[in-house]
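S.K.: Sequence:
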Amino acid sequence: MIDEQSIVKVAMADLNVAGPNGILRTTGLGSCVGLTLYDPVAKIGGLAHVMLPSSSIAREGQLNLAKYADTALPVLLNKMKDMGAVQARMVAKMAGGAQMFSFAGAGDTMRIGPRNVESCKEGLQQMGIALIAEDTGENYGRTVELDCFTGKFTVRSVQKGIKEL
18 MIDEQSIVKV
28 AMADLNVAGP
38 NGILRTTGLG
48 SCVGLTLYDP
58 VAKIGGLAHV
68 MLPSSSIARE
78 GQLNLAKYAD
88 TALPVLLNKM
98 KDMGAVQARM
108 VAKMAGGAQM
118 FSFAGAGDTM
128 RIGPRNVESC
138 KEGLQQMGIA
148 LIAEDTGENY
158 GRTVELDCFT
168 GKFTVRSVQK
178 GIKEL
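Take any residue in the sequence shown, note its place counting from 1, add 17, and you have its number in this note's numbering.
It is worth saying that the hints were derived from the structure and are not from the lab.
This one's a predicted model, so the numbers in the text were calculated from it and none came from an experiment.
Don't take each hint at face value.
[As the list claims (entries may be wrong)] Under the rule of at most 25 Å between Cα atoms (straight-line distance), these lysine-lysine pairs were calculated in the DSS-like manner:
id	residue 1	residue 2
1	LYS96	LYS177
2	LYS169	LYS180
3	LYS60	LYS177
4	LYS60	LYS96
5	LYS138	LYS96
6	LYS180	LYS26
7	LYS177	LYS138
8	LYS98	LYS26
9	LYS60	LYS26
10	LYS98	LYS138
11	LYS169	LYS96
12	LYS138	LYS60
13	LYS96	LYS26
14	LYS169	LYS138
15	LYS98	LYS180
16	LYS98	LYS60
17	LYS169	LYS98
18	LYS180	LYS138
19	LYS26	LYS138
20	LYS177	LYS26
[What the hints assert, rightly or not] Label-pair restraints from in silico Cβ distances:
id	residue 1	residue 2	range
21	ARG76	THR167	38 to 46 Å
22	MET29	GLY145	36 to 44 Å
23	PHE166	ASP99	34 to 42 Å
Heads up, the beta-carbon is just placed ideally off N, CA and C, and yes, glycines get one too.
Take the sequences, apply the hints, and build the full model.
M.R.: This is the structure we're talking about:
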C-alpha cells in the first residue's frame with residue numbers, strides 16, 4: 018500500500034516542518050522568500066514564508082518569529098532538530114524575493130525582496146548551511162513546494178511556468 022503524501026500549507030509569515038510523507042507548500046511569494054531546509058537522510062524538511070529581513074523593525078507587541086528572516090531560520094532549524102534532523106546534513110533552497118514594484122529614488126527601504134534574500138543568505142552562512150539552489154529576484158510572484166521524501170523543490174509562476182530545483 019502506498020502512503021498518501023500530505024500537503025502542509027505554510028501561510029504568509031508562518032513556518033512549518035514535515036517528515037517523509039509531507040509536502041510543504043506556500044503561495045503568494047512576491048517580495049517574501051520561501052526558505053526551505055532539508056535533511057536528506059532523515060527526509061525531514063522545513064519551510065518558512067519570510068516577509069521581512071529583520072526583526073529589528075518589528076512594531077507588533079507579540080513578535081511573530083516566522084515573519085522575519087533573522088528569527089524564522091533559528092526557529093525552523095530547532096523544529097527540524099526536534100523531529101530528528103541533523104544540522105550538519107541540512108541543505109537550503111529558496112525562492113521569491115522579487116522586486117514587485119519600482120519606486121524612483123525610494124532607496125533601500127523599498128528593496129524588501131532583495132533585502133529578504135540577503136538576510137536569509139546571511140543567516141544560512143552563520144549556521145553553516147549550504148544554499149544549493151535558488152530562484153530569487155526579478156519581478157514576478159511564485160508558489161513553492163518541498164517534497165520531503167525526495168527533497169525536490171518546485172517553483173511555479175505564471176510568467177516562468179514550473180521549475181524543479
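S.K.: Next step is simple, just say for each hint if it's right about the structure.
M.R.: Against the structure, the hints:
Taking the CA atoms of LYS96 and LYS177, the gap is about 32 Å. The hint is violated against a cut of 25 Å. About 10 Å separates the Cα atoms of LYS169 and LYS180, which keeps this hinted pair within 25 Å; it holds. As the CA atoms of LYS60 and LYS177 are separated by approximately 28 Å, the hinted pair breaks the 25 Å bound. At most 25 Å may separate the alpha-carbon atoms for a hinted pair to count; LYS60 and LYS96 meet this at roughly 14 Å.
A distance of roughly 19 Å separates the Cα atoms of LYS138 and LYS96; the hinted pair therefore holds under the 25 Å criterion. Distance restraint check for LYS180 and LYS26: the Cα-Cα separation of roughly 19 Å lies within the 25 Å cut-off, and the hinted pair is therefore satisfied. At roughly 24 Å between alpha-carbon atoms, LYS177 and LYS138 fall within 25 Å of each other, so this suggested pair holds. Pair hint LYS98 plus LYS26 holds up; C-alpha atoms about 20 Å apart against a cutoff of 25 Å.
Our distance criterion of 25 Å between C-alpha atoms is met by LYS60 and LYS26, whose separation comes to about 18 Å. Restraint check: the Cα-Cα separation between LYS98 and LYS138 comes to about 20 Å, which is no more than 25 Å; the hinted pair holds. Distance hint between LYS169 and LYS96 is fulfilled; the C-alpha atoms sit about 20 Å from each other, no more than 25 Å. Of the supplied pair hints, the one linking LYS138 and LYS60 holds, its CA atoms being roughly 22 Å apart against a limit of 25 Å.
Under the criterion of a C-alpha separation no larger than 25 Å, the hint pairing LYS96 with LYS26 is consistent with the structure, at around 16 Å. Of the supplied pair hints, the one linking LYS169 and LYS138 holds, its CA atoms being roughly 20 Å apart against a limit of 25 Å. A hinted pair counts as satisfied when its Cα atoms are at most 25 Å apart, and LYS98 with LYS180 does not qualify at roughly 28 Å. Note on LYS98 and LYS60: the hinted pairing holds, with a Cα-Cα distance of about 12 Å set against a maximum of 25 Å.
In summary, the hint linking LYS169 to LYS98 is supported, as the alpha carbons are separated by about 20 Å, within the 25 Å threshold. Between the alpha carbons of LYS180 and LYS138 the distance comes to roughly 21 Å, so the proposed pair stays at or under 25 Å and holds. A hinted pair counts as satisfied when its Cα atoms are at most 25 Å apart, and LYS26 with LYS138 qualifies at roughly 23 Å. Annotation: proposed proximity of LYS177 to LYS26 holds, straight-line Cα distance about 22 Å (limit 25 Å).
Checked against the hint of 38 to 46 Å, the pair ARG76 and THR167 passes, with Cβ atoms roughly 40 Å apart. Taking the beta carbon of each, MET29 and GLY145 are about 28 Å apart, not inside 36 to 44 Å as hinted. Between PHE166 and ASP99 the Cβ separation comes to about 20 Å, which falls outside the hinted range of 34 to 42 Å.
Violated hints for the displayed structure, listed by number in ascending order: 1, 3, 15, 22, 23.
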